Every structure is written in C-alpha cells, then in structure tokens.
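There are 2 protein chains.
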Amino acid sequence: MRLPAGLNQAGFDSACADLRKIVGENSVVTAEDRLSAYDDPYSPGLTNDFLPSGAVSPASVDEIKAVLKIATQYRLPLWSISLGRNYAYGGAAPCLSGSMILDLSRMQAIEANEELAYAVVEPGVTYVALYKFIQDKKLKLWIDCTDPGWGSVLGNALERGVGYTPFGDHAAQLCGLEVVLANGEMIRTGMGAMEGNRTWPLYQGAFGPSLDGLFLQSNFGVVTKAGIWLMPEPDSFSVVELTFPREEDIVGAVDALRPLRLDGTVSTATIANWMRIAATNTTRAEWHDRQGAMPKEAIEKLIAEMGIGHWNMRFGLYGRPKLVAENLKAVQKAFSTIEHVDFAISTYRKGETIRPEHRTLAGIPSVELMPLNWLGGAGAHIECPPVVPMVGKEVLEIYRRRTDLFNAHGFDHYCGLTTTSPRCFINTGSIIFDRNDAEQCKRARELGAALIEDAKAKGLGGYRGHISEMNLIAKQFDFNDHAAMRVNEQLKDCLDPEGILSPGKQGIWPKQLREAGKSGETK
Amino acid sequence: MRLPAGLNQAGFDSACADLRKIVGENSVVTAEDRLSAYDDPYSPGLTNDFLPSGAVSPASVDEIKAVLKIATQYRLPLWSISLGRNYAYGGAAPCLSGSMILDLSRMQAIEANEELAYAVVEPGVTYVALYKFIQDKKLKLWIDCTDPGWGSVLGNALERGVGYTPFGDHAAQLCGLEVVLANGEMIRTGMGAMEGNRTWPLYQGAFGPSLDGLFLQSNFGVVTKAGIWLMPEPDSFSVVELTFPREEDIVGAVDALRPLRLDGTVSTATIANWMRIAATNTTRAEWHDRQGAMPKEAIEKLIAEMGIGHWNMRFGLYGRPKLVAENLKAVQKAFSTIEHVDFAISTYRKGETIRPEHRTLAGIPSVELMPLNWLGGAGAHIECPPVVPMVGKEVLEIYRRRTDLFNAHGFDHYCGLTTTSPRCFINTGSIIFDRNDAEQCKRARELGAALIEDAKAKGLGGYRGHISEMNLIAKQFDFNDHAAMRVNEQLKDCLDPEGILSPGKQGIWPKQLREAGKSGETK
Chain G
1 MRLPAGLNQA GFDSACADLR KIVGENSVVT AEDRLSAYDD PYSPGLTNDF LPSGAVSPAS
61 VDEIKAVLKI ATQYRLPLWS ISLGRNYAYG GAAPCLSGSM ILDLSRMQAI EANEELAYAV
121 VEPGVTYVAL YKFIQDKKLK LWIDCTDPGW GSVLGNALER GVGYTPFGDH AAQLCGLEVV
181 LANGEMIRTG MGAMEGNRTW PLYQGAFGPS LDGLFLQSNF GVVTKAGIWL MPEPDSFSVV
241 ELTFPREEDI VGAVDALRPL RLDGTVSTAT IANWMRIAAT NTTRAEWHDR QGAMPKEAIE
301 KLIAEMGIGH WNMRFGLYGR PKLVAENLKA VQKAFSTIEH VDFAISTYRK GETIRPEHRT
361 LAGIPSVELM PLNWLGGAGA HIECPPVVPM VGKEVLEIYR RRTDLFNAHG FDHYCGLTTT
421 SPRCFINTGS IIFDRNDAEQ CKRARELGAA LIEDAKAKGL GGYRGHISEM NLIAKQFDFN
481 DHAAMRVNEQ LKDCLDPEGI LSPGKQGIWP KQLREAGKSG ETK
Chain X
1 MRLPAGLNQA GFDSACADLR KIVGENSVVT AEDRLSAYDD PYSPGLTNDF LPSGAVSPAS
61 VDEIKAVLKI ATQYRLPLWS ISLGRNYAYG GAAPCLSGSM ILDLSRMQAI EANEELAYAV
121 VEPGVTYVAL YKFIQDKKLK LWIDCTDPGW GSVLGNALER GVGYTPFGDH AAQLCGLEVV
181 LANGEMIRTG MGAMEGNRTW PLYQGAFGPS LDGLFLQSNF GVVTKAGIWL MPEPDSFSVV
241 ELTFPREEDI VGAVDALRPL RLDGTVSTAT IANWMRIAAT NTTRAEWHDR QGAMPKEAIE
301 KLIAEMGIGH WNMRFGLYGR PKLVAENLKA VQKAFSTIEH VDFAISTYRK GETIRPEHRT
361 LAGIPSVELM PLNWLGGAGA HIECPPVVPM VGKEVLEIYR RRTDLFNAHG FDHYCGLTTT
421 SPRCFINTGS IIFDRNDAEQ CKRARELGAA LIEDAKAKGL GGYRGHISEM NLIAKQFDFN
481 DHAAMRVNEQ LKDCLDPEGI LSPGKQGIWP KQLREAGKSG ETK
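In order, the protein sequence lines correspond to chains G and X. According to our numbering, the residues represented by the first sequence are 1 to 523, in order. According to our numbering, the residues represented by the second sequence are 1 to 523, in order.
Treat the hints as calculated values from the structure; they're not laboratory data. Predicted, not measured: the structure shown is a model, and the values here were computed from it. Accuracy of the hints is not assured; some may be wrong.
Note that identical chains are pooled: a pair holds if it fits in a single copy or bridges any two copies.
[Stated by the list, open to error] Computed list of lysine-lysine pairs in DSBU-like fashion (alpha-carbon distance at most 30 Å, straight line):
hint, residue 1, residue 2
1, Lys475, Lys523
2, Lys322, Lys140
3, Lys329, Lys138
4, Lys329, Lys350
5, Lys442, Lys475
6, Lys329, Lys132
7, Lys137, Lys301
8, Lys322, Lys333
9, Lys329, Lys69
10, Lys137, Lys458
11, Lys511, Lys296
12, Lys393, Lys301
13, Lys322, Lys523
14, Lys458, Lys296
15, Lys69, Lys138
16, Lys518, Lys132
17, Lys140, Lys329
18, Lys138, Lys333
19, Lys140, Lys393
Work the whole structure out from these sequences, hints included.
Structure representation (structure tokens):
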C-alpha cells in the first residue's frame, strides 16, 4: 500500500480512525482486497503508479465537511469520485498515489420535475437509477445517457461527457451546482446562491460571475448535487443511419452534416469508422491473422462482408411525426449528393418498443460495457479525444495522420466523431489493447502520447485524457507561456490552499507538489 | 470632480500623465464636460453618487496591460466598460465614485467565419458594426442584437443580455474569451489556452475547469476579445404575434408556451403587457390625465382602443418554409385553447425586405432607443429583472404583486417576460420616470428597492441590476449565510489583490473597500 506523502503508518492509521468516527466503521477501507475496486480497470500497465491509500465514503454534505476537516488536519489528499466509472480516463484511480479516494457513491438522492423538465441528482445517481426513477413515477421525460449507463449522471456531466440525444452535451445541461470547498464552505451556484430560490435548476446564470465552470474537470471543490436539464418525451423519433463506403467520403459527409447541425435539424450525431463497428460485433481474428495493423485489402474485405461503410453516421430526429418527416427530407437531400451513400431509417412513435441498438438514442441506459475483445485477452482502452473543427477536409487530414500513427504502433485505427456541440467533433480514438500484455500496454501508452503530440502539431487539443496523460495534455495549453495554467494554479492555491483535493487532476497540482507532480516524480 | 480614494490631486495628475504616455494625450480625459459622456443617462437622481474621476481609452491589449500596471502602482480603481451602453443598469457610470473609466471602445476588430458561423469581436464592436461587417462581406449569417443595436456585442453578452432570435441568450453564444487580469497576465479561455488552436471559437469547454463564467457580470478581469456564435441565415422565418385580452390569460399563455419552448418549436419569445405596447406607441396623457396609477377602466379602454392584448406575445419561427409551416400549426394548436386569442403571422422568405417592427427578430439592428415618453419630461428607466419560473400561475401571481407595487408607488406597471432560456423568464419591469423630476426619481428608487425585496420574499432573484441596487441584490443571495459571496470575494482577492478592477460591480468589493462599499459609505 502507498501511504500519502508526509504521513507514516501511524499517522495514516490515526487519520483513518478519525474518518471512521465520521462516516462509520465500514465506510473507510484500506485493505488491499477492498481497494482494488478503485484501480483503473483499463490501466495500460500503470496500476502501480496510481495507487490509492484507502477510500472514505461519506453519506452527506455534513460528513463531507467533517472529512475535509480531517484531511486538512492530516494533509491527506483526497481524490473525489462520484462512482469512479471514468473508464478509459483512469476509472476511480487517483493521479497522486497515496491519495485517499473520496467516494461519493452513497449519496443517491434524486428529485425530478416533469413540468419544467429537470432533475436534481447527487453524485451516486447512475443513469440507470435516474431512468428507473422517472419510469416509476411515469414522468414524460427522457434522460441522456452514456453507453454504458452505470456511471454517475453528475460525474459524467462534470467531466464533460457526451451522449446521443439532443441533450448529449452533458455539461451544457447542468443547471445549478452544490459544492463543498476544501475549507468546508458549502455553496450553491447561480440562483441557488439565494436561500429557497426555485429557479436554481431553471436558469444557468447568476447575479455576478458564474462559478459553475470552475468545477468541471476540476479539483477546486467537491460537487455534491447538480440540477440537470431533461428532455420532454417526444411524440416520435427516427433513427437515421447512414453509411459511406470510402475513406474520403468523410469530407462530403461532414460538410453535409454541418449546415444541418448548425440550423438545428440534427442535434447530437456520431460517426464511426469501420473499426468502431467491427470491434463492437466481431474480433480481429475473424478478419486477419497477422501482427501489425490490418492492411487496406483486409479492411475493404471486412467492410464488404459486414455490409458496413468505411464511415457510419447515426443520429436521431425528434418531435412531432410531421416535423420529423420534414426534417428527414432535408437530411436525405443533404446527403444524397454523396455517391453510394446508404440510408436506413427506423421510426418509433411514443410508446413503441425501441430496439436495443437504438436505445441510447432514446436515453434508455443499458449496463453493457463497450466490447473490447478486438485483440482478445483482457480488453481495455484509453482515450484522449481532441476537439476537431467540423470541416470535412480537416477531418480527413486528421484521420489519415491518426491512421498512420495507430498503424505505426501496430494498432488498427478506431475512430469516433461525436458532435454534441454544433461546430466541432470530439474525436475519440480508442486504443484497444490487452491489459495483461505488457508489450501491448507499452505500445498503447506510446501511441496515446504520439496522438496527443500529433494533435498539438495540428493546433488541436484534448478535451479529456487518461490520468497518466493529464500532465502532457495540460502542458500543451501553452498560449502566452501557459498563462491559463498559471491562473488555474492561482485559483487552486486560493480555493484549496492545503492542496488536499484531487492533486494533479487535469494537470493542476497544489503548490507543495507542483514541480514534482508535473515532472511525474510523484508516481 | 471626485478623486479616487487615497489619491490627492497631485497623485491623480501624475497617474494621468503616466497614462497619457501609454494611450496618447487625447485618450485620457478628466475635464467635466468630456466626462459627462460617462454619466448614467437614466440615473434616478443619483448621478453624483457615481462619478468617475476620468477615463482612459487604451487601443490594444498591450496598452491595457500598461494601464493596469499604472493603476496598480497608484491604486487607481478602473471601471471597465465596452461602450458604456448598459442603459437602465448604470450606463458607463462606476459603482465607486472616483473610479477611472477603462473605456475599451477603441478596440473594434472583427473576424467572422461563415462556414462555422461565428465571429470574434473586441469590446468596441457594436451590433450595428458587426451587422455591417457581415453584410459587406455578404456572409450568410445573422447576428442577434438588442434593441437598440448601438451597444457592444461583447459587453452585452458579458452582462448576460438577451435578444430576440434563437441566439437570444447572448452569454450562451460566447465561445472563447481573451482576458487581461489585474496583474497584467493575459489568458485565453477554453481551447484558446493552446497557442494557435483553431477550435477556440468552436468548442465552449476546456481541458480542466472553464474559466469563462468568471468574467460574466464580473470584476475579475478585463475581457478584450470574445468568440460569439452566429446563426446561419434561415431560408424563411415567420413572426408570430399573439394577443391575449385578459390579465388572467397569462396563465394559459405561459403554460401553452412552455412545452413548445422545451421541445424547441419556439426559441426566444417575448411577452409584453399592455403598457409595454402602449408606452412604445403613445403617451400616458393620451389615455389618462390624473396622477397615480391608471385605473383598471382606463387600461381596459386603452386595450380596446389600441386593439392590443393585456398580453402580447411575439416570437419567430425559423427554417425551411415547410418546417416553419409545420411548426406554425403546432403553435396555433397549442394556443387555440385560450379564449379570444388573436394570431398575426408575417412570413418572410430569404432576401425579402423585413418590416421595421420585425427586424430585431431577424437580428437587424436599429439605433432607435426605447421610447421613454410615457410620462413626458426627460424619460429614463431602471430595471432589476428577476428570473421567474415558466409556470403560468406563478407568473400571474408575481405580476399581480408587482402591479400592486408599481401602483402603490404611483407608476403604471410595465412588464416584459423574455425567455431566452427554456425554463424561465427574465421579467423586465421598466420603471419609467422623468429624470429631471426629483420626486419621480425618488419614487422610482423606492419602487426599485420594493420590487427587489418583493422578489426575494417570493424566492426569486435579480438577473441584473442598476449600479445603485447591486449591493441590495447581492445581499439577497443569502444561501448558507452568503457563502457564494464569500467565494466571490475570495476570488476577487486572489485575482485582483489590489482591488483595482471595477470595485463594487454586482456587489463584489475588494478587501480594502469591502465594509464601506457594502454599506454604501463609499458614495
């Protein structure tokens, strides 16, 4: 077990004893067997670099305040998680080994309002739980969920996660946060800063500065509650699935999508390359038996035999049936100029059963994990998706550069382009590897870094990253000699002067660990 | 002339001499006649409480940095304005008398991108200038503007101003800020924190915390540039104007609007009570000749003779003609259940000339000021709009309470309800008065305070307020014993330790003025 820097075993034991007095005997764990639940399940061979010393699970804001007091007293770093389902980005594991996990999963309260289409959730509420809550109460509301739906609604939104419906930009649906700061101060943002103000979950602004953004992908506070906007159940929806046969078709596909996205015809859309489809339904061994990246001919054979496109676009159209029909016409017209495009349309009226493969487009969560069996073994993946302009030729250029990098590292190129924001894509590029294979892990790490460096070379930056890559990505934000990071650090020192909250998250280290943390010496 | 606290005439003169070396001889003013341009044109008799000592107009970020250095050296408070058109909220006038105006109107650079539908503007860019820029370049883009369009695009968005098109929530369209902090550090937020990142105006998030919100309605930094999302020119649009004859019709009108607003059929919508229409087109003397609020019978006579509703709702439907027609049907169906509702529909195809009264719904700015001739004299108005849930019966209740307050103070009730956010209204309640009439000014101030107190009593808070009301409104945000303000103050001390930037804005005072500022002793 890794102890927190500056604490010996006796000090740590004493801190744990004090914590147990607050949260109860069973809500502090330190034994190895219990702690492995907090390991990064997809770690590329780096589990021992990111080891927690224990975990504490408060059940209320008052308990959190008391925990923070003890942590401050002992200089015990706390790594906050909602449910720790931040898979591909580190799971529950901390940037700083020896941190204690501040596990908020016991906080599971939900409120929902049908008339004004919102919910208020605590960190422990999963998509599945929120969905069930709404179904049980027969509220005519949809949620937007990730795939899978076992993660935290609040946690995913704070990490700027994305989904598949018009409410797919999860951070954009946040309306009102409750936050406990390192000093134990509890605030509510926006209109919630007024006692009993009913517009807290209705209006995203504030009187004065908006503090909400400070707590996204952040270690400035512990978010204990959030308002989240929900979508009124639409009268109908159509799933539009388009396939484009050739690599270069992405240019026309993106340029046809952009005006539809900008004028609101299409909301969230996802584009998957051949491998994202193939890896979901097959294994590599079915298509190719040699090491290294699959050659072009094998890919073409796969595409032909699976009957998929090199590119596969998918989105929903939502609303009154006539409106959906009208928008569908516009969609068909826009994409019809692209040679060999193939359309599949599935339409659902309110109340009709939605086929499993279309459920996330209706905010129906499943608990199935992303299939990671492409290479066999203990499948895992890591991600550092850059934000890419929604311009066809730029997307193609970046795709080809990334294909080269994947291939040079012996991997097939898995590419997803998600637009929850109308002018850009988040370009996921899952590096799938066998986490029990040290050589694959090494190549995965090297490819991850190479992709991050390549994005920077093209003037693009990551929207999120694995705990092992956070320093590297943060360092790339270098405008005016890293001025934004200096401000982040200034705010960190202001809001968490003892540096107890999630040290190292998104490359932001507290003063006493700043140099060591950035250089990786804290591992 | 009011000198800044702590500076004598010699010190102030020395500061001005140093500033002139930076910005040029003519870009520092102190003489009374030139300074009156910075007075609040709608001050309710409080001009002398909010007097600047001078104004300095830098033309670049480098000049701003140098100005901040001098201000820090002399402890010279600077009140930042873009163009100072914050009418009804204080205009260009500072919260703290003796502040020097930091006038950014010389910074007028514009970039625009048609393909990705955005602009990047400096503080001195007016709606009119941005509109002209786009027209001159024949870009197929619409802006969203306020009424009138002479104000700053950037300044209005930072104050969370609102407009009339689907892009009416101006702060929500901001994407990427450039900010100079008090210490002279210049940052770019979001993706702009990476040198040369082309997604700066495309993606609203960041790697790590979002700092953008910190600079809304704020005195934490000087915003020098902002990305702002624009709307692609639609193929057509229809202006829908609905009138509802009776006061109580607002219940059904709001409840019919809400589902259309939540599902995106209707975007920004504005509801005006009888007086908002009457005051725009007539004067009170035409309808009633006695002092005090107009009696019910006179109001009914006015409504009948003008052929308007007690309530008058207006919004645009935008898009392909068939889509607009389809949405129009849904709108008509939704409102048809309300007795005596009257519809007027005006449809424009791309390229058709839009009638003057519908131009703001197409983002076409005019420079006509809001008519303020209702009571005659030197018309002025102040505002402190609360944020109100979009629920019919709540809106009616608040409306009646506010009518009683307007009337008790001898004013007619001017009410506007704007929804740029789909779950709430910003409830403007213009207090129109003759600024040359001391008694009216006094009543206006008293009514302003009474409305603010009444909102608080109903659990509602102001979204914005006049400089003379900022302390009062800020104080109402009392959750957890004003915890949010303590955090704002902590951030203020962190980002602007010398307290030189816009002291008192939105009730946030720097450390050395905190007690005096909040208690009003600094006036």
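Hints violated by the structure (listed by number, smallest first): Structure breaks hints 6, 7, 9, 11, 13, 15, 16.
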